[in-house]
Amino acid sequence: MAGLRAPKAGSARDTQMRIDSSFDPVEARKCLEWIREMTGENFNTDVGPEKYKVVENFWRVLRDGILLCKVLNVAVPDHIKCNFNSPTFRPTGNPQFQSARERERIELFNRKLEEFGVSPDNCFLVDCLYERTNLWQVAASIRALGTEYESRPSFTGMRWWPRKSEVNPRVFSQEVLNAGNTIINLQYGTNKGATAAGLNFGKKRMIMKE
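Position 202 of the sequence shown, counted from 1, bears residue number 202 in UniProt numbering, the numbering being contiguous throughout.
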């Protein structure tokens with residue numbers, strides 16, 4: 001667990017500090033508010049303007065994977081939804097089993113994200129959340145889920161996230177395509193009008209009699 005790991009040092013510490021600095025408290029609060037709106041669950045989303053408090057709250061609310069799977073079930077079709085009756089979601093008094101099941105839920109969330117159509121680049125590793133190594137990527141995954149959900153034709157509610165980019169193909173006639181062959185693209189360069197006239201490199205050789 002995160003509290004049992006030795007603190008990072010050297011270049012690893014510098015890298016972690018750069019990752020932590022990219023965390024956006026405003027975006028994280030928006031993610032939690034969207035999850036609360038979607039699931040109807042009651043949890044705290046506003047802990048003040050201090051960044052460290054926002055980070056701590058974001059991590060603690062999402063760390064066990066329950067809310068992630070709940071918001072996923074609201075957004076995705078029935079054949080992708082998580083089965084909350086499976087052993088993964090059953091409580092246990094064994095700390096080792098509990099930790100393993102929390103990790104399984106986070107992994108399940110990311111696997112279902114890809115099935116829903118979210119790019120693997122927008123998913124995150126389990127340790128990004130569970131060990132809080134990259135909470136910025138967790139927020140990015142939640143945003144990607146919301147964007148994908150709101151891009152479906154069946155969506156009619158209020159938009160929270162930017163619109164998903166759409167394909168806009170261009171179709172040119174063969175006549176237009178052939179017209180491009182008559183133009184020399186200056187990116188390739190041209191020797192039209194090239195001449196050596198006027199070139200003068202260096203000083204002329206001076207030969208003098210003694």
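Among the hints, erroneous ones may be present.
To be verified - Listed below are the simulated DSS-like cross-link pairs for lysine-lysine, each with C-alpha atoms no more than 30 Å apart in a straight line:
1. 30 <-> 164
2. 51 <-> 164
3. 30 <-> 53
4. 53 <-> 70
5. 30 <-> 51
6. 51 <-> 81
7. 81 <-> 70
8. 164 <-> 70
9. 70 <-> 51
Treat the hints as calculated values from the structure; they're not laboratory data.
Here's how the hints hold up against the structure:
1. 30 <-> 164: Satisfied, since the Cα-Cα distance of roughly 18 Å is no more than 30 Å.
2. 51 <-> 164: 29 Å, holds
3. 30 <-> 53: 15 Å, holds
4. 53 <-> 70: 24 Å, holds
5. 30 <-> 51: 14 Å, holds
6. 51 <-> 81: 33 Å, violated
7. 81 <-> 70: Between residue 81 and residue 70 the Cα gap is close to 9 Å, so the pair holds against 30 Å.
8. 164 <-> 70: This hinted pair holds, its Cα atoms lying about 23 Å apart.
9. 70 <-> 51: Cα-Cα ~26 Å, so holds.
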